[in-house]
Structure formats: C-alpha cells, structure tokens
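> First to last, the sequence lines map onto chains A and B.
1 is the number of the first residue of the first sequence in my numbering; add one for each residue after it.
1 is the number of the first residue of the second sequence in my numbering; add one for each residue after it.
Among the clues, some could well be false.
[To be verified] Chain B is faced by these chain A residues, among others (derived, beta-carbon under 10 Å): (1) Gln-6; (2) Lys-9; (3) Gln-10; (4) Thr-12; (5) Val-15; (6) Tyr-32; (7) Lys-36; (8) Ile-38; (9) Gln-210; (10) Tyr-271; (11) His-322; (12) Glu-523; (13) Gln-524.
What the hints contain is simulated information worked out from the structure, not anything from laboratory work.
Yeah, the Cβ is synthetic: ideal placement off N, Cα and C, and Gly gets one too.
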Amino acid sequence: MKKIEQQLKQATGHVMLGKKNKALMRERLVAYMEHKPIRTHTRSAVRSPLPFFTFFRAHHYSGALAVALLATVSTFGVSSAADDALPGDLLYPVKVNINEEIKTVLLSSEEELLWEGERAELRLEEASQLAAEGRLDTELQEEVSKLFAEHTEAVTEKMHAIESTDPALAVEVSSGLEAAFGAHEVVLARLIVEQEDGAGTDGARGLVEQVRTAALEAEKTREDAEQIFNAVDEGVGTDVTEETPDGVTEATSSDDTPKTESANMRERAVYRAQERVMESLARARALVAELDPESDIAKQAMSQIAAGEALMASGTAFLSEHELGDAYGHYRRADMIFEKVARLLEAMNLFSLEILHDTVVDELPAMTGASEEKGQTSDADTVRHGTEDMLAETRALLLTVDGFDEKVITQANSLLKDAMAHLMRGDIALILNDEAGAQELFARAHTQAERALEMVSNAARDLGVVNTAPSLEGQVPAGDALPNFTLTHRYEGGAHVWTGTMEVPTPCAVLETGALVAESYPEQITLTLNITEPADTVCTQIIDVRSFEIRAAASAEATVQSLKVNGTDRGWSVVEE
Amino acid sequence: MNQEKAFLEAFDQHADALYRHCCFRVSNTEIARDIVSETFTRTWDYLVKGKKIENMKPFLYRTLNHLIIDEYRKKSTESLDALLHEQDVPESAFEELVESSRDEVEFALDAQRVPELLSTMPPQYRDVVVMRYVDGLAPAEIAVLTGDTVNTVSVRIHRGIAWLSRRAAERNV
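Turn these sequences into a full structure, and let the hints guide you.
What follows is the structure in structure tokens.
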C-alpha cells in the first residue's frame, strides 16, 4: 500500500492551469509588469503616466520632457533663461517659439499629444499669473488666446487620430484636459471678481469664455472616446477558456490573439487609471492637510474627496470582478474629482484665493453686479433656483436617510457634482453677459439635478421612507435595511484607528470591538462589533449610544474589507480625520 | 539575472502548483485562477516598492494563503465553525480520531474520489493536508504560512489524515 503522500500526489497531480490559460495569465502579468516597472535610480528615463498635469507648478517638466530639455535646451543659455518668461516679456517668444518647439521635435507621437496638452495648460497658467498681477490686458490676452487655441486644436486633432487605436489614452488625455480647463476657468473667473475695480482683467473675461468652450470640447471628445473604449470592452469576451468536466482547464478558442491584445489594452488602461487616481488622491490629501481642518474650505474639499473615494472603492470592486469597463469609468471619475480639488487648492495657495465650487456658485453673481440685471436674467434665475432647491433636497436625503445602496450614492454624487459644475459655468456665463450660454448651462444642471433627486427619492422609497421630505427624527429603515456606519479614520504610528458611535438596545449591553488583519499584501482588515447582553441582568429597553475606537497595526495601504456587527456584514463609509 | 526575468521564471515554475493548491482549497477553478493571478500581481507590487524577496516560493504561498483566507471571508457562510457545522462534522469527532495514530497513516485512496473527498473535508484540516501532501511543505513551513505553531499544524494534519482515512474506509465498505 502506498503512503498517503504518494497517493494524494498521484490523485491531484493532473490538476494544472492548462497551457492556454497559463499563457494568457502570463501575458496579462507581463502587461501588468510593463505598466508598473521596477524603477531604478535612472527614474527620469521612465515617463510619468501623467506628464502634463503640472498645473501651477511653474516650469516643471515631466520625465521625458526633462530629458529632452537636458539634451537640447541646456546648450542655449538664453533660451534656458526664457523658461520663466510671461507674455509681454522680451524672452517670451523664445520660450514658446524655440524652447517648446525644440522639445516637440524630440517627442514620440504620444508624447507630443501630452506635450500639446501641457502647453495649453501652461498658457492658462501664464494668463492666471498675469491676471493675478492685474496685467492681463486685451492685447496680452489675445496673444495667449491665439497660442491656447493652437495648442487645443493640435491636441484635439491628435486625440481624434488615436481615438480608434488607443481610446484609453484619448479618454485619459481628454478627461485630464476637461478637469484642468474646468479648474482654470474657475480660477480665471475668480481672479476677475477679486480685482476690486476690474482693472487689468479685461483679457481674462475673453479668455474664460474660450477656456469654457475648450472644456466642453474636451468633455465631448472624452465622451466619444469612452464610447469607443466601451465598445471595445463589450466586443471582447473576457473568458476565452472553458473548464473541462474534471476541472482541468483547456482553451477552446482557436483565435485568441486579438482578444488577448484587447484585454491587455483594457487591463493596462485600468491599472494606469488606478495608479493615477491614487496619485491624484495623495496630492489632494496632501494639500488638504495644509488647511485648517475646521475651515469651510477644508470641509468642502474633504467632502469632495470622500465622494471621489466612494467612486474609487467602486472601481476597485469592479476590478476585483474583472469588470474592466466599469472599473475604468469609476477610477476616471474619481481622478477628475481629485484633480480638480488639487488644482483649485494649488491655485488658492498661489493666488491667495478662497475658491471652492460652492463658494464660487454662491458669490459670483452678487460680486459682479449680475443682480442688477436680474430683470433680464429672470428665466435663467428661475431655472437656477429650482436647480439649487433640488440639489439641496437630494443632499438632505443622502445625509438623513441611512442604508442607500453604494451605487445609488455614487451615481447621485456624480450627478450632483456635474450639476454644480454646470451651475458654476452658468454663473460665469452671466458675468460675461452671455445670457443664452447661461440658460443652456443652467438647463443642463437642472436636468442632472432632476435625475439625481428622482434616483435618490426612489431609493429612499424602496428603503421604506414614505415621505421623501427628510426628517431627522424617528426615522427607522424599514425591513432588514440596516444603516451604514460612518467611521472616522486616521493613521498614526503604524496603526489605523477608526472611531465612531453605535446604538445598543439597552444601557446594560456590552459592546466589544476588534479588528482582524489578514496579512496579505496589502493587508485586508475586517472590523468587528459585537453586542452582548449580560445573561443575569434585567435591563430597561432604552437605546444607548456608545462611542468606540478600533485600532489595527498595519501598513498605510491596508484596506477595510468588511465590517461585521454580531457576525453580519454592514455597510460603512469612512471620513478621514 | 534581472528581477523581471527572475519573476517570470518564478511564474513558470510555481503557477501550476499554486493553482493546484488553490483549487483544492477553494473548490472552484475559476476563483483559483483569479487568486493565483492576483498572487503574482501583488507580489510584483511588493517588488515595485523596492523590497527584496529572498525566497520566492514561500512568499508566493504566503500571499496566496492570505488571498484564500480573504476568499473564505467573502462567502456567506463566513466562519470556519459555521462551515464545520454545515457539514455536520462535530469537533469532538476529531478528538477521538486523533488518538488513532501519530505515525504515517497508510490506507487505500480511490484516486478518482480524492478531489471530492478533499472538497468535503473541513477547511481547517483540508488546508494543512493540501499544504503538507499536495504541495509537499513541511509542518514548519506551513506554520509560518498559517501563523500557527508547528505543534498545532502537526495535530491538524493528523486529524485531517484520520478524517480522510475514516471517509476512505466508509466508501470502501
């Protein structure tokens, strides 16, 4: 009789991945490795995935561009000095016509696309600098406008050229530009209203309109590219193999090469988006950390970051299910939120502006005398106020009704964000006396607010909240719907700390908390909350609220995988301290 | 040899064994494939961060093991105790069996039925039996992976084998 070890080995030895499956897995792994290379000391040789998003960091260039810069511009003493020039300066023509053009020659077509986007942003950066100094007159604005138009035209043309071959890159670039132009538009508009007498900002007014148009064009390009990207997604089966009855895997497709390539493209795009969103989140967080945590600006920024994090979490959930299209979409939207928050905060630091979406929306009309023309803008105003009411109602429902599905929260937040962005643009259009434009933008905001309110109201009804008017008192989720927990999180001294409160059925109940750290990489943490009643005690049934604190030693990257109350999974949301 | 090449060689060398190991622990080939794939990407992430892996095989098994535990947690039946009860195998049954023998157990297994037998085995015993006999890991290596003591691991292996022995005997009757 054979020993157990030999018997088990013989009985199980035939279970293998299968040639095709192994090859496919290897190929995906190679794609992943290519996307996330091990970096060495010669870091500058590796191009950053986002080289051109350098908003308001004057004269900072990405890896490949830095290499190009070293290789060429260093030989030109004058042209190197010209890098600091602004429109109107003597050396400015050298900067835009020699330095920047030389770099273009050295770049690949993909790098050229990114570089044109960066140049468009540089022009806006320069314009903002001039507007902040009260120097952006009409003549300089025209110079900047002309160059900005050339860059945006070039980048749009190049994006259309790659749309069909690399839709992921087209989406990446266009959504980056959409966020960037949107932020620049706000900054320029804010700079206009900050100037007490409007001196030196005439040019900014003309430019704001141009930037808004460019942002809308970028949005359109992004939507087109997304359609192509999703069409690729739908057209490709993710499972090219089948299991044989005995569990041994065999590939069934005789022509899996194109599918593999598409799968690789989509996987790379998702991983690129994942990496980018983590970078932009870190950047936004770092900027928020510099603010007074009690300030309105910090709170608004945190609330937007939280909305982005919810999208990011959904993206990760989709990725774990291998739903690449959805994962990509969620990461991209989260990235746009973080990018915009970061850009606005950077602008705030640079120009000492108090600038956030809500503030801009509320203050712009009053500060620019738009209210004086109220009679002429009554239609726009009516739509605007109606939209604001719906936004307020939607927010109130989201805040007061517990137990919403995460998908509903994510989609509603996304619609709220878009509606607010359109309201803000409408306000800017009013400043520029563009009544028709304002009405169109307010109408868009109105539609989005309507959709958000309808979605949240329906979801609230499903949860048993009959009256959609939110009430803070006595609201109990119907049936088995359990409310989400809101946890406050901080990371200190190598440990994650979550704090929160919980209702227990009686004052005698014992609340025990714990954290289970699965030491995978990165670690995954399960938080546990257990309520027990002392066996030999009779206690009045009065709900008691307990505060709790849970600590878990783990790396900063660790994530909470689940939260269980007496063994049952519960939803939760996290607010960073 | 550069790290990329070494890493891909590790894939070529260990992917099948990791998959086999995973198949018997999660009893689902598709999930097993996903877990093995994620094991390698996470390991790569570790290298990307500039960290060194002295011995690739234990690292891969350790990461795989954690992902399998994560997978267990995703299941609705969640706890291992619940799984144990679900299969109607009281803990006390093993207390008796463990006394049977601490030596190498010898009995006849029907090769066709081994996967089925393993899939019905209580997870806490199946895990160590798979590591010990399918993967050929020593109890000390398993202890490092599971975070238990060598003694605990050895006891579980013997309990698992005793369980297997009893089931095999029942089927042969």
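> Hints the structure violates: just list their numbers, smallest first.
Violated hint: only 9; rest satisfied.
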